[in-house]
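The sequence shown begins at 252 in the working numbering and counts up by one.
Honestly, the hints are just simulated from the structure, not real lab data.
A virtual CB, placed ideally from N, CA and C, is assigned to each residue, including glycine.
Label-pair ranges, simulated between beta-carbon atoms:
#, residue 1, residue 2, range
1, 283, 355, 15 to 25 Å
2, 306, 255, 31 to 41 Å
3, 258, 306, 33 to 43 Å
4, 305, 257, 36 to 46 Å
5, 309, 346, 13 to 23 Å
6, 343, 281, 16 to 26 Å
7, 256, 306, 29 to 39 Å
8, 257, 307, 26 to 36 Å
9, 256, 305, 35 to 45 Å
10, 254, 319, 16 to 26 Å
11, 341, 306, 12 to 22 Å
12, 331, 258, 30 to 40 Å
Each computed DSSO-like pair below joins lysine-lysine, with the alpha-carbon atoms no more than 30 Å apart:
#, residue 1, residue 2
13, 321, 337
14, 321, 282
15, 282, 337
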Amino acid sequence: LVIEEDGNTLLITGCAHNGIINILEYFQSFKGRMPDYVIGGFHLSSRSGGNEDIDTMDRIAEYLISTEAKYYTCHCTGIEAYERLKSAMGDRIDYLSAGSVITI
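Based on the provided sequences and hints, a complete structural model is requested.
Okay, structure coming up:
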């Protein structure tokens, strides 16, 4: 879902089963640029409690930083993965949970 308003573009991805990088590259292929804001789960954890390996999380963080977007991620990213992304990305990423409110 893409919302464009007042010169800002918000991309809502849902759960990124196909990979957040793939989703962003697809977005860029048809819009010619990256979104300003992204909301969605990055699917870096599993129901069994496993997480993506550290190298993958670091590669994702590096890519997300390069886009210059602000990210709001959700439960399927996983707390461990979110904390690793947060340590690399700082205020460029925040965690949303049920009842969270953000102003874009």
